[in-house]
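> Turn these sequences into a full structure, and let the hints guide you.
Take a look at the letters that make up each chain.
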Amino acid sequence: MSEQALLTVEGAGHRYGERFGCRGVSFDLWPGEVLAIVGESGSGKSTLLGMLSQRLAIDEGAIRYAAADGRALDLAQLSDREIRTLWRSEWGFVHQNAADGLRMHVSAGGNIGEPLMATGWRHYGRIRERALEWLAKVEIPSERIDDPPTTFSGGMRQRLQIARNLVVGPRLVFMDEPTSGLDVSVQAAVLDLIRGLVQELGLAVVIVTHDLAVARLISHRTMVMKDGAVIESGLTDRVLDDPQAPYTQLLVSSILQG
Amino acid sequence: MTLPRIEYNHAYLDEQTKRTIRRALLKAVAIPGFQVPFASREVPMPRGWGTGGVQVTAAVIGAGDTLKVIDQGADDTTNAVSIRRFFERVAGAATTTDTGEATVIQTRHRIPETPLAEGQIMVYQVPIPEPLRFLEPRETETRRMHALQDYGLIYVKLYEDIARFGRIATTYAYPVIVNGRYLMDPSPTPSFDNPKLHRSPALHLYGAGREKRIYAVPPYTDVESLGFEDHPFEPQRFSQPCAICGSTGVYLDEVVLDDRGGAMYVCSDTDHCERTAAAPAAAAAAAAERAPSRRAGAYERAHSTRMHTFDEQEGAHA
Chain A
23 MSEQALLTVE GAGHRYGERF GCRGVSFDLW PGEVLAIVGE SGSGKSTLLG
73 MLSQRLAIDE GAIRYAAADG RALDLAQLSD REIRTLWRSE WGFVHQNAAD
123 GLRMHVSAGG NIGEPLMATG WRHYGRIRER ALEWLAKVEI PSERIDDPPT
173 TFSGGMRQRL QIARNLVVGP RLVFMDEPTS GLDVSVQAAV LDLIRGLVQE
223 LGLAVVIVTH DLAVARLISH RTMVMKDGAV IESGLTDRVL DDPQAPYTQL
273 LVSSILQG
Chain B
16 MTLPRIEYNH AYLDEQTKRT IRRALLKAVA IPGFQVPFAS REVPMPRGWG
66 TGGVQVTAAV IGAGDTLKVI DQGADDTTNA VSIRRFFERV AGAATTTDTG
116 EATVIQTRHR IPETPLAEGQ IMVYQVPIPE PLRFLEPRET ETRRMHALQD
166 YGLIYVKLYE DIARFGRIAT TYAYPVIVNG RYLMDPSPTP SFDNPKLHRS
216 PALHLYGAGR EKRIYAVPPY TDVESLGFED HPFEPQRFSQ PCAICGSTGV
266 YLDEVVLDDR GGAMYVCSDT DHCERTAAAP AAAAAAAAER APSRRAGAYE
316 RAHSTRMHTF DEQEGAHA
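From first to last, the protein sequence lines stand for chains A and B. Quick note on our numbering: the first sequence kicks off at 23 and runs consecutively. Quick note on our numbering: the second sequence kicks off at 16 and runs consecutively.
Incorrect hints may have been included.
[What the hints assert, rightly or not] Ranges between beta-carbon positions, derived for each pair:
no.: 1; chain 1: A; residue 1: D122; chain 2: B; residue 2: R182; range: 28 to 34 Å
no.: 2; chain 1: B; residue 1: A293; chain 2: A; residue 2: D169; range: 40 to 46 Å
no.: 3; chain 1: B; residue 1: G264; chain 2: A; residue 2: A94; range: 55 to 61 Å
no.: 4; chain 1: B; residue 1: R148; chain 2: A; residue 2: A235; range: 39 to 45 Å
no.: 5; chain 1: B; residue 1: D176; chain 2: A; residue 2: A251; range: 48 to 54 Å
no.: 6; chain 1: A; residue 1: D169; chain 2: B; residue 2: A132; range: 35 to 41 Å
no.: 7; chain 1: A; residue 1: G218; chain 2: B; residue 2: P247; range: 52 to 58 Å
no.: 8; chain 1: A; residue 1: R41; chain 2: B; residue 2: A54; range: 36 to 42 Å
no.: 9; chain 1: B; residue 1: R159; chain 2: A; residue 2: R41; range: 38 to 44 Å
no.: 10; chain 1: B; residue 1: N24; chain 2: A; residue 2: H127; range: 45 to 51 Å
no.: 11; chain 1: A; residue 1: T141; chain 2: B; residue 2: A54; range: 36 to 42 Å
no.: 12; chain 1: B; residue 1: Y23; chain 2: A; residue 2: R41; range: 55 to 61 Å
[Said to hold, decoys possible] Listing some non-contacts, in silico: residues in chain B with all C-beta distances to chain A over 12 Å:
no.: 13; residue: P19
no.: 14; residue: A162
no.: 15; residue: L168
[What the hints assert, rightly or not] To give an idea of the interface, some chain A residues facing chain B are shown, with a C-beta separation under 8 Å as derived from the structure:
no.: 16; residue: A98
no.: 17; residue: D102
no.: 18; residue: R103
no.: 19; residue: R106
no.: 20; residue: G131
no.: 21; residue: G135
no.: 22; residue: E136
no.: 23; residue: M139
no.: 24; residue: R144
no.: 25; residue: Y146
Please keep in mind that the hints were generated in silico from the structure rather than gathered at the bench. Backbone N, C-alpha and C fix where the C-beta goes; we use that ideal spot for every residue, glycine too.
Structure (structure tokens):
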């Protein structure tokens, strides 16, 4: 494992007009690490994720990314083209709503193949072979390869979206509430899948969730956000078992006990 | 009561408008395949009937030019005839149906079979200039993709074709990369005509009136039709020769003859067909052998049915 943090965030903030959506966020993300960002809606966790993934501008502070070729990139200084290159080759983004991350009228195979074609794959047979491999990995029957996601269930769509994101072998994957739209049993299956793939591929993941159970299940570290600021962070078990901040205590105690 | 005849400016459009279109054309020629926005004007025909092409023609046509207008390859369809008459009247242009004689050729669907020469200008009427439109509906996003040369998406379209039909089934508006840089839609020309664009000695100008875009392929520019390594680009092929003139290796139209499934296949390029059919000796004799007795009547009928196919195509692109 390398000595360098994959993502280094120092006092980063994003502003909506006069108001900060999130501010003063600092942390390091190491290769192979899963970081959960939890908090209520409006706490700035999606803004933070948007900023990390460069969908939103960095208005304050700095975010550095250690690229696969060893360069330390200051994300705010990168051109659109360089950001796109990162998107295509090193990053993935799993949306809450699978329809945002998939092309709904393109077949499952085409959806998985698109990132490959964007990185220069020009051999139909090999693209299809790789698509079949990934369908198997995310447990979608191979005979559905030519069906569009409009004909898929919610869980299948989410699994397809995950396959599409992981097919190019990214190093860092952002996930925005990947299981919130699914019913409980499907949630468990998708989480299980994510956990397995993360371990198998050694991915670094930043996952935003309002569900502490999700954080508990798959993350190594957890950051708790409120009103645009990080109020507590640490190992997931420590944060959830021994919450220090009053808000975290409230959050933990509001989980329904079975 | 007779109203005084309206006097239009040369080639209908006012001089300022023609200058702005020419500026857009120069930019388009300077950046092959790049879509240049322009202020599309009203011309006396409905949008979707070739207003972009008419404006480009109006901007480039001069006193010494000879204009040919084709629609589905035919010189004698409603739209071709009226656009030709329009420029005869407003630009005093000489017109022709002979590809070799024309200096400006306005077209909707075809590139003529007769090889183009240096100095000729092809003007295309383009319905939808953006090749990525049906894959990515956002204009802001497609512009960004062009800027960053992010063209993976167009291969998804080809992938889908192969997955569904076992081969690339796109037979018109087949996407091309121009000069190794910009992805371009060669307008609804059949893929049969794509190879004619590659290093063509003529200048190709594309005008999309409704979408307000102009783009161009300058002479001797590389135009590569996209494909996969294991499914390369294949232009359409026809197994039989033209039923009228006997030409092979040309683009054919299906002409329905009766309501019992009878059909004949004839040249879509009427100028090429007429001249080949009129050519003496061998060619004519061969054609007569293949299309016995019915020849004279069949020709008239074949080429008068084209107007219907024009409307169908128009609907498909609306």
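> Against each hint, give a clear statement of whether it holds in the structure.
The hints, checked one at a time:
1. A:D122 / B:R182: 28 to 34 Å: At roughly 32 Å between Cβ atoms, R182 (chain B) and D122 (chain A) fall inside 28 to 34 Å, so the hint holds.
2. B:A293 / A:D169: 40 to 46 Å: At roughly 54 Å between Cβ atoms, D169 (chain A) and A293 (chain B) fall outside 40 to 46 Å, so the hint is violated.
3. B:G264 / A:A94: 55 to 61 Å: holds, 59 Å
4. B:R148 / A:A235: 39 to 45 Å: holds, 43 Å
5. B:D176 / A:A251: 48 to 54 Å: holds, 51 Å
6. A:D169 / B:A132: 35 to 41 Å: violated, 50 Å
7. A:G218 / B:P247: 52 to 58 Å: Distance hint for G218 (chain A), P247 (chain B) is violated at roughly 39 Å.
8. A:R41 / B:A54: 36 to 42 Å: About 40 Å separates the Cβ atoms of R41 (chain A) and A54 (chain B), which means 36 to 42 Å holds.
9. B:R159 / A:R41: 38 to 44 Å: violated, 28 Å
10. B:N24 / A:H127: 45 to 51 Å: Since the Cβ atoms of N24 (chain B) and H127 (chain A) sit about 47 Å apart, the hinted range of 45 to 51 Å holds.
11. A:T141 / B:A54: 36 to 42 Å: Distance hint for T141 (chain A), A54 (chain B) holds at roughly 39 Å.
12. B:Y23 / A:R41: 55 to 61 Å: holds, 58 Å
13. P19: Correct as stated: the minimum Cβ-Cβ distance to chain A is 56 Å, above 12 Å.
14. A162: Non-interface label on A162 (chain B) violated, nearest chain A Cβ at 8 Å vs cutoff 12 Å.
15. L168: violated, 7 Å
16. A98: Nearest chain B Cβ about 19 Å off; hint violated.
17. D102: Nearest chain B Cβ about 6 Å off; hint holds.
18. R103: For R103 (chain A), the interface hint holds, since the closest Cβ of chain B sits about 5 Å away, which is under 8 Å.
19. R106: holds, 5 Å
20. G131: holds, 6 Å
21. G135: holds, 5 Å
22. E136: holds, 5 Å
23. M139: holds, 4 Å
24. R144: holds, 5 Å
25. Y146: Y146 (chain A) check passes; min Cβ-Cβ to chain B is 4 Å, inside 8 Å.
The structure fails hints 2, 6, 7, 9, 14, 15, 16 (numbered hints given earlier, in ascending order).
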